[in-house]
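Chains as they are written, first to last, in the numbering used here: chain A, 1 to 326; chain B, 1001 to 1326; chain C, 2001 to 2327.
Since the hints were made in silico from the structure, they are not lab data.
Check the hints yourself; a few may be wrong.
[Said to hold, decoys possible] Label pairs and their calculated CB-CB ranges:
id: 1; chain 1: A; residue 1: GLN117; chain 2: C; residue 2: GLY2138; range: 29 to 35 angstroms
id: 2; chain 1: B; residue 1: THR1107; chain 2: A; residue 2: GLY133; range: 52 to 58 angstroms
id: 3; chain 1: B; residue 1: THR1269; chain 2: A; residue 2: GLU140; range: 18 to 24 angstroms
Please read these numbers as outputs of a predicted model, since none were measured by experiment.
Positions of the beta carbon are idealized from the N, C-alpha and C atoms, including for glycine.
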Amino acid sequence: MNDQVLLDVRNLKIYFPAGGDWFAQMFDRRKIKAVDEISFSISRGSTFGLVGESGSGKTTTGRVIARLIDPTSGHVTYNGKDLTGLRGKALKRMRRRIQMIFQDPSSSLNRRKTAGQIVSEPLRIHKLVDRKGLEARLIEVMELAGLSRRFLNRYPHEMSGGQRQRVGIARALAADPEFIICDEPVTALDVSIQAQILNLLMALQDELGLTYLFIAHDLSVVKHVSNNVAVMYLGKIVEIADTHTLFFDPKHPYTRALLAAVPKPDPKAKERKILHGEVPSPIAPPSGCRFHPRCPEMIGEVCRKKEPGEVTLSDGARVSCHLYSS
Amino acid sequence: MSAMLLQINDLITRFYTEDGVVNAVDDNSLYLNERETLGIVGESGSGKTVTALSVMGLIENPGRIEHGKILFKGQDLLGKSEKQMQEIRGKDIAMVFQDSLSSLNPTLTVGEQIGRVLRFHTKLSSKRIRHRVVELLKQVGIPEPEKRATNYPHEFSGGMRQRALIAMAISCNPALLILDEPTTALDVTIEAQIFELVNRLKKEFGMGTILITHDLAVVANSCNRVIIMYAGRIVEEALVDSLYERPLHPYTRGLLNSILRLEEETQGTLFSIPGEVPDLIDLPDGCNFSPRCRYANERCWQLDPQLEEIAPGRRAACLRVNDIDE
Amino acid sequence: MIDAAMNKDQLEETKLGMRPHRGLLEEFWHNFKRNKLSLVGGVIVVLFFILGFLAPLLTPCNPVKQFDALRGEHNPLPPLSRSKEGHLFLLGSDKFGRDILARALYGTRTLLELAVGAIAIAFVLGVFMGAVAGYTKGSWLDELIMRAVDIMLSFPTLVLAIALLGAFGIGKTHIGPIVLSNMVKIMVVIAITYSPRFARLMRGVVLQEMTEDYVAASKVAGASGGRIITREVFVNTMPPIMVQASLMMATTVLTSSSLSFLGLGLQPPRPSLGIMLNEARDFLFLGAWWYAIVPGVFISLVILGFNLLGDGLRDSLDPRQARRVQR
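Let the sequences and hints guide you as you build the complete structure.
Okay, here's the thing in structure tokens:
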């Protein structure tokens, strides 16, 4: 891992129209502010964890970087080049470098294709190997993902959840990418398989020099795999720091609440502190600081009226909270 | 010494699929005392949900309860007719399922659905039922209960839907409450809220509770006793404190070791149990866990271990339980 | 003391399982065979296709040949009676002295040709439109296609077919250098009438499939829209479309028979089951039951066959969740 920035996200906004189709949109101008101006960067070879609960915007961010959705405004730069403006052939070339692993292994594999057909798609699309080299590369990539060649002619329903996820990983590796967006890759898996897959992802990063954007809602998983972590709430990054700092010295009240809510596998542990209330709707986020209605450490009126700006603290953590602004 | 609320003896539930016979619950016995919370922990294929469904009498073709007794307050539920079971379900024994969206009828308001349960089991007038529904929604912490009772399930967030299901379950003051992975699909802060709610209700109403989950952390904080299931069999049973202090079965150890812990410094390669959960139609010879067990020897591959009482209240199904030292 | 080699083998076994590995086609056939009704439907359909295909071989005589009936002109002869020439009418004769069985067999042939042709065209048209509409969901193209579909669907099918045929006229039509025979015209008219249903269904299924992550994965892998639709989504849309096609064959048979019955379909002396029914009306109360029953039974059985087949396909193409029990 070095300091060379591979992916840079600046002032990213992703708004969706609240109304359904073009007709409804004429009457309902409201917008769902899924991502409301976030900025972060990822260094080559590192893992960046993006944590948040439902409605935080973390999945949408991942999809924009994967160019599945277009942003409303802001810039995403990959290796110095603008990513969001790419079209056509240039975009297709970029697709070799940036890949994605999806959450639901049942949905992310075409149920009427065999593992071999699924994994060979990227190779075919980019014409990376000829007929002879195809099988060799397929086996190579499957083995990297921990699957023997006997799985090549299997259909997804003939495999377990963990095996399907490995197929998804093999597919992501097929075209030899540099950057992989991992969208909740272990959430849908059994506990004993989660550890296997996480170990696999970490080993692959070491072996192939990959860079990861790791999206998850499970803090313990994120802590284990990430070098740096950003915590999102209702479309905004509330705190961003290197892993150690974030987990051992959390600054933002939401981060602290998240950490306190994680159940500990220890009967003697104290009862968890409860964060009350529901996540508000992204159509009409609360005024001022979005977290203020649920914040156990709210200072006063300023939290209700004014959105906190981002402050960089001495240990490198960046926080958006009035507790820290001057 | 509280009375025994539920006693399951030698339960065998099988599914006759066209690929073969699935031994979903393979000769298991367990018990639950009044006011006690029992955790049943297992991954997919362990048989934990089928056990609960067997208690509720909800096993349908191609499944069959082949053998055993399920004694609820001394009466054998397996000897009861469907009509008798309908009286019991929702009134004496209540169950909350995992997927709250599909557990609720999308065409009825939440208030109507809870009302139906009350109308079936009690002789309250419609007015009293409406009153009780609002009361129940308030008890489970749903804000603006009068208004919310007229909402449809899709207008509720995931956490609120789960609360509504809990309200439905406790509406007739059941003696036994079964929760099947109630928070798997929920965010961790909402999960914490739900468990706080359940703990409060347990104290208030004194229900016996069975909590089915794959999450060992959650069990540590909410249960008195724990049962670990693997491939249709109970492999370990203990008081919560004892289990986490000194797990006996290799599978339990494996699970505990694979858990990611927040408090610790970064762990290197995670411990993971190799292999996959076996296919229930084609279980290995000998111990079901032996192919994945690092302590397995010749005997383990040939002999099926029985669940034995190692110490009072402590059972384990492992031939080498006394040989393994940490 | 672990025997590493033995443990590893057992590990591999747990990974792969001992279930027989079946290809998709084998899986489908296996499920299809288990459904009794669909087997019956399939047999009926295949039987009638064979009858139609082999009609020239199976017919006892030329279907338009008029034999000399024994009892004066315009009186149909009952089954198993003979003409003056000695020809045995296995299923009786019609009012012109023609062999009913021969006409029924040829009528089946043309009927099935018509139905298959019409559905094939409707399929191609409808699936294409539906796929385009689904993939470009929300765009003006989607709106355009779907409103056209809505308009067409608001007409009762028979009325629409009659209107279109009326516009084209009966008999051969000349469009510039192209000559469309009557049969082709009817085929096209029926196809136009039924393609909206395919389009709507296809659009729905495409929309459904596009919410799945494998479509997103394909995009991320660099696939173009066309490739995604043809190489990924299409194969998953076929099951409900195939079911629909089979059921629509049944309706097509009914519609084209109705058109013939009304005199708008194939023109005499071409044998047509619908025309036979029309002719039979005058003789219903004169005791010539075979005149109406034979074409009636043929039409009914063909429709029944396609319906049963469609139902059976629906059951056997559905993902069979009951096989997997994971609790």
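Do the hints match the structure? See the list:
no.	hint	in the structure
1	A:GLN117 / C:GLY2138: 29 to 35 angstroms	holds (30 angstroms)
2	B:THR1107 / A:GLY133: 52 to 58 angstroms	holds (56 angstroms)
3	B:THR1269 / A:GLU140: 18 to 24 angstroms	holds (23 angstroms)
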